[in-house]
Amino acid sequence: MDHVSWFADVGLHDRPHVGGKGGSLGELQRAGIAVPPGFVVRTAAFERFLETIEAEWPVRERIASLSADDLSAISECCAAVRGRLEGAPLPRELEEQIELAHAQLCGAQRMPVAVRSSATTEDAIDASFAGLQDTYLWVRDPGQTLQRVRACWASLYSVESVSYRRRRDLPEHGVAMAVVVQVMVDARTAGVMFTRSPTTGDRSVITVEGAWGLGSAVVGGEVTPDRWVLGKITGEITAREISDKAIHHVPAAGGGIEARPLEAALRRAPCLSDEELQTLRAIARRVERHYGCPQDIEWAIDRGSGEVLLLQSRPETVWSAKESSPVASAAQNPLTHVMSIFGGPK
Amino acid sequence: MGFPLPSSLEVIPGTERAQGAYPYTVQFGPDDDRRFWFYNSMHFPEPMSCFDMVTAEAAYCALGAANTRVHCLPTTLGIDHRIINGRVYIGGNAVTDPQQIARRTAQFQKRAFYYYENWETLYAQWKRKMLALIREAQALPQPALPEFEPLEHVHAGRGIASNHYLLETYQRTLEGYFRMWHHHFEFLLLGYGAYLTFFAFCKKAFPEIPDQTVARMVAGMEAEIFRPDEELRRLARRAVELGLDGRFTDGLPAESIIRSLEQAGPPGEEWLRELAASRDPWFNVNVGDGFYHYHRSWNDDLSMPFAGLPGYIARIKAGESLERPFEKLQAERRQLIADYRELLGSDEERAAYDQMITLAHRVFPYVEGHKFYCEHWYTNLFFNKIREFGALLAAHGFFADAEDVFHLTHYEVELAIIDLMNAWSTGSAPRGPEHWPAIVAERRAAIGEWAKHETPPALGPVPQVIDDPAIVMLWGITRESLDRWLNADADAAGNEIRGFAASSGVVEGTARVVKSVEEIGRLQPGDILVCQITNPTWAPIFQKIAAAVSDIGGSMSHAAIVAREYGLPAVVGTGTATARIRDGQRVRVDGGRGIVTLL
Numbered sequence: 000m001d002h003v004s005w006f007a008d009v010g011l012h013d014r015p016h017v018g019g020k021g022g023s024l025g026e027l028q029r030a031g032i033a034v035p036p037g038f039v040v041r042t043a044a045f046e047r048f049l050e051t052i053e054a055e056w057p058v059r060e061r062i063a064s065l066s067a068d069d070l071s072a073i074s075e076c077c078a079a080v081r082g083r084l085e086g087a088p089l090p091r092e093l094e095e096q097i098e099l100a101h102a103q104l105c106g107a108q109r110m111p112v113a114v115r116s117s118a119t120t121e122d123a124i125d126a127s128f129a130g131l132q133d134t135y136l137w138v139r140d141p142g143q144t145l146q147r148v149r150a151c152w153a154s155l156y157s158v159e160s161v162s163y164r165r166r167r168d169l170p171e172h173g174v175a176m177a178v179v180v181q182v183m184v185d186a187r188t189a190g191v192m193f194t195r196s197p198t199t200g201d202r203s204v205i206t207v208e209g210a211w212g213l214g215s216a217v218v219g220g221e222v223t224p225d226r227w228v229l230g231k232i233t234g235e236i237t238a239r240e241i242s243d244k245a246i247h248h249v250p251a252a253g254g255g256i257e258a259r260p261l262e263a264a265l266r267r268a269p270c271l272s273d274e275e276l277q278t279l280r281a282i283a284r285r286v287e288r289h290y291g292c293p294q295d296i297e298w299a300i301d302r303g304s305g306e307v308l309l310l311q312s313r314p315e316t317v318w319s320a321k322e323s324s325p326v327a328s329a330a331q332n333p334l335t336h337v338m339s340i341f342g343g344p345k
Numbered sequence: 000m001g002f003p004l005p006s007s008l009e010v011i012p013g014t015e016r017a018q019g020a021y022p023y024t025v026q027f028g029p030d031d032d033r034r035f036w037f038y039n040s041m042h043f044p045e046p047m048s049c050f051d052m053v054t055a056e057a058a059y060c061a062l063g064a065a066n067t068r069v070h071c072l073p074t075t076l077g078i079d080h081r082i083i084n085g086r087v088y089i090g091g092n093a094v095t096d097p098q099q100i101a102r103r104t105a106q107f108q109k110r111a112f113y114y115y116e117n118w119e120t121l122y123a124q125w126k127r128k129m130l131a132l133i134r135e136a137q138a139l140p141q142p143a144l145p146e147f148e149p150l151e152h153v154h155a156g157r158g159i160a161s162n163h164y165l166l167e168t169y170q171r172t173l174e175g176y177f178r179m180w181h182h183h184f185e186f187l188l189l190g191y192g193a194y195l196t197f198f199a200f201c202k203k204a205f206p207e208i209p210d211q212t213v214a215r216m217v218a219g220m221e222a223e224i225f226r227p228d229e230e231l232r233r234l235a236r237r238a239v240e241l242g243l244d245g246r247f248t249d250g251l252p253a254e255s256i257i258r259s260l261e262q263a264g265p266p267g268e269e270w271l272r273e274l275a276a277s278r279d280p281w282f283n284v285n286v287g288d289g290f291y292h293y294h295r296s297w298n299d300d301l302s303m304p305f306a307g308l309p310g311y312i313a314r315i316k317a318g319e320s321l322e323r324p325f326e327k328l329q330a331e332r333r334q335l336i337a338d339y340r341e342l343l344g345s346d347e348e349r350a351a352y353d354q355m356i357t358l359a360h361r362v363f364p365y366v367e368g369h370k371f372y373c374e375h376w377y378t379n380l381f382f383n384k385i386r387e388f389g390a391l392l393a394a395h396g397f398f399a400d401a402e403d404v405f406h407l408t409h410y411e412v413e414l415a416i417i418d419l420m421n422a423w424s425t426g427s428a429p430r431g432p433e434h435w436p437a438i439v440a441e442r443r444a445a446i447g448e449w450a451k452h453e454t455p456p457a458l459g460p461v462p463q464v465i466d467d468p469a470i471v472m473l474w475g476i477t478r479e480s481l482d483r484w485l486n487a488d489a490d491a492a493g494n495e496i497r498g499f500a501a502s503s504g505v506v507e508g509t510a511r512v513v514k515s516v517e518e519i520g521r522l523q524p525g526d527i528l529v530c531q532i533t534n535p536t537w538a539p540i541f542q543k544i545a546a547a548v549s550d551i552g553g554s555m556s557h558a559a560i561v562a563r564e565y566g567l568p569a570v571v572g573t574g575t576a577t578a579r580i581r582d583g584q585r586v587r588v589d590g591g592r593g594i595v596t597l598l
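Going down the list, the protein sequences come from chains A and V.
Number 129 in numbering that gives the first Met the number 0 belongs to position 130 of the first sequence; there are no gaps in the numbering.
Number 275 in numbering that gives the first Met the number 0 belongs to position 276 of the second sequence; there are no gaps in the numbering.
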């Protein structure tokens, strides 16, 4: 199986082949953190497919020859490329490998999956054009899954993404996309957490935000989540803001998700118990220790089992990017520290 | 918006003569309008009777000496105090001239740094000095005037009559008290300063760290303040071991229990011996902070410790171990320190953190331990000795009751003693009985009147910044707290009362507003204790309650320490809780945020 890898078999260093999301999920699983089971369709699969298309119609050459200023040419060319990526027959062995992995993953119950693009690029802006929006939830059968995988690939050739690469004159060779396919968590509650304070940068607290239902409502900003601040070490809950949560995201009957109004009794009820908050804290600490830096984490609580699962973890970037001078340094005579109190205003 | 000027503050009508009883040194004068003053509600939450003023006088005298002349704190001298309507206002004396600060800094580093470097030795010496002072106070004779000088004095050729010893004993009592306060402040500011250095570092490195978490990293486990409660647990264990547990019934007065034990044969005698061993010295703790003569000790009033025994006995019989798990607590503290250390941004910060916490740990035994010796044990001996003089004066008709002596200033007590000395020597009647009763009645009424009136939290112009380390350290007063006071009227309408977050957790329950120790019997399991001030001697009732709220105290106050020890939510230093919360009212206590909500 060179086109598909199970999470357990990949880690962060496989990022060039499985993308950031895929690498991170593999890394988490290896660190003993529960994630929804799944596999990555490796960049090699994309390359293999592109090869078959390129045999008749050189995609990369055409894109590379486009002028950054010629928006209409870009639009036209992108539409053509996407059409081929979404329409051309998949190489047989590729299709078989994905279908086989899908069958193993979903079993006889045909569990729904999430299909998510996993960009390899280090360039955050590029990544946000190509792929960030491309998460397909509650995908119900193998055929649809294959279709969503192609859609993720095709996102590399969105007008924004191509324009960006052209303006920077980035090479087309090596532009590739991995795709994550994982079992959908039927989340009772889901949200995000940061292992430092977003407001003060304090590394000793964990900020948790969550709402009822699938995490897409929180990530997409469609609901004001409940918010807690916990002492990372003490577990003490120092802030508790329970919001009025008007809607929740739930699976739609025909696949995908939909926003529904929340029943009155739940709207102002906290979506997490204190015990669950402590479980999240323990997980956050393990993840942060594993990576060695503050993290920005997406989590969900399974409706059936109550288990906490992580959907994503990435390094926190805002505060980490700030230059900061040490609060204090060791003094030759340790007693001189007291002058900060006794010595008067500096 | 600012605070009223001292000159605009009126003596409550009808109490002018009582106000006049305080000496000229503590009356507000015209110059005082230029300075900023605040009401020291932390130490003197109630109107002071004339005698209790001695505590302010002796304490500020010693505090000032330590700051101004002994350790030479660079930016602050001593603290002045004034009294109006029985309320003690205090004002700092900042040093702002850079040249003076530089001169004082050079001195400070030669003195304070020496103390820090030799802390353990000096503290061991301090304990010896303090115990010697306590022994001296205990050795003072009970004041008495025999009808005839004892024959043995005459035959021994003593040559000095008993009336003289009244004055000597009184003056030595007073002198000891003033001396005790010098001991009290010998290390105090340095100790708090080292602690605050670490505290300020933590607040910068971890802007959202709760005060109480820093306190937990520093607080000791074996401080003297825990001992009285530990003794009580030990006595509870002994009661079970000796098969006496059935005699400790909830609500039974201490005297009845003791009477029943006296009739319980050898096991009863054995337990009473154990009690006597615990009482000296560990029951020498006051149920208040020791600043008022009526904050009596466990030894003087056994109702507090005995109120705790039935609960402890029940827990022991339920199989619970009441031992404080020192090693576990120590290990938890070490882990906490290590975990926060790990979160620091660099090794450079870690090295500074190590240096600061090492110093904080070194000084903290004094910060926690001195109170037992000073504010509790010694103060208790002092007020009881004054009470003996009160009893003597009352016996000679100076006033009706021994406790009335506390309505005289300590200068006036000396005067009354000299009056009695003279009368005893001349054989005439003392003049006191015609002089004092009316005055005592007037002053007692004035205290009652003053207690009915609120007093402004501060007076005079608001300073731009408060950087006097003594005031920030001991009273927690900052520019922010002044702003909060200025806006207090706006808050009063709401249903929230704010204080220091002393011990985390959220609890709802019925408030019991307990104004004196006699009322503790009203507390039911699960009640929320609302009181002016609590201290470690209240620990026995902490096993019963669900949360504690106090008017006075900071996050390092002993109430906070005991609450954390018991894992109870607590909000301290609210200023107004006992005034604003009705007895029996439902309240929610959020100890993590320092908020009490009236439901």
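Rather than coming from a laboratory, the hints here were simulated on the basis of the structure.
Hints may be right or wrong, so weigh each one.
What the hints assert, rightly or not - With the C-beta cut set under 8 Å, the calculated list includes, among others, these residues of chain V facing chain A:
(1) 57
(2) 59
(3) 106
(4) 112
(5) 144
(6) 146
(7) 150
(8) 154
(9) 204
(10) 205
(11) 210
(12) 332
(13) 350
(14) 354
(15) 363
(16) 506
Built from N, CA and C at the ideal position, the CB exists for glycine as well.
Hint by hint, here is what the structure shows:
Taking 8 Å as the C-beta cut-off, the interface hint given for residue 57/V is violated, the closest approach to chain A being about 24 Å. Hint status for residue 59/V: violated, given a least beta-carbon distance of 20 Å to chain A, over 8 Å. For the restraint placing residue 106/V at the interface with chain A, the shortest Cβ-Cβ distance is roughly 12 Å, beyond the 8 Å limit, so the hint is violated. About 5 Å separates the beta-carbon of residue 112/V from the nearest beta-carbon of chain A, less than 8 Å, and the hint is met.
The closest approach between the C-beta of residue 144/V and any C-beta of chain A is roughly 51 Å, which is over the 8 Å cut-off, so the hint fails. Taking 8 Å as the C-beta contact cut-off toward chain A, the hint placing residue 146/V at the interface is violated, the least distance being around 59 Å. Hint status for residue 150/V relative to chain A: violated, with the closest Cβ pair at about 61 Å, above 8 Å. The interface hint given for residue 154/V is violated, since its Cβ lies 60 Å from the closest Cβ of chain A, which is over the 8 Å cut-off.
Because the smallest distance between the Cβ of residue 204/V and any Cβ of chain A comes to about 5 Å, under 8 Å, the interface hint for this residue holds. Hint status for residue 205/V: holds, given a least beta-carbon distance of 4 Å to chain A, under 8 Å. Proximity of residue 210/V to chain A is violated relative to the hint, the smallest CB-CB distance being about 11 Å (cut-off 8 Å). The beta carbon of residue 332/V comes no nearer than 12 Å to any beta carbon in chain A, farther than 8 Å, and the hint placing it at the interface is violated.
Using the Cβ-Cβ criterion of 8 Å, the hint placing residue 350/V at the interface with chain A is satisfied: the shortest such distance is roughly 3 Å. Restraint check, residue 354/V versus chain A: the minimum CB separation of about 4 Å is within 8 Å; hint holds. Among the interface hints, the one on residue 363/V is violated; its C-beta lies about 14 Å from the nearest C-beta in chain A, farther than the 8 Å criterion. Taking 8 Å as the C-beta contact cut-off toward chain A, the hint placing residue 506/V at the interface is violated, the least distance being around 13 Å.
In this structure, the hints that do not hold are numbers 1, 2, 3, 5, 6, 7, 8, 11, 12, 15, 16, in rising order.
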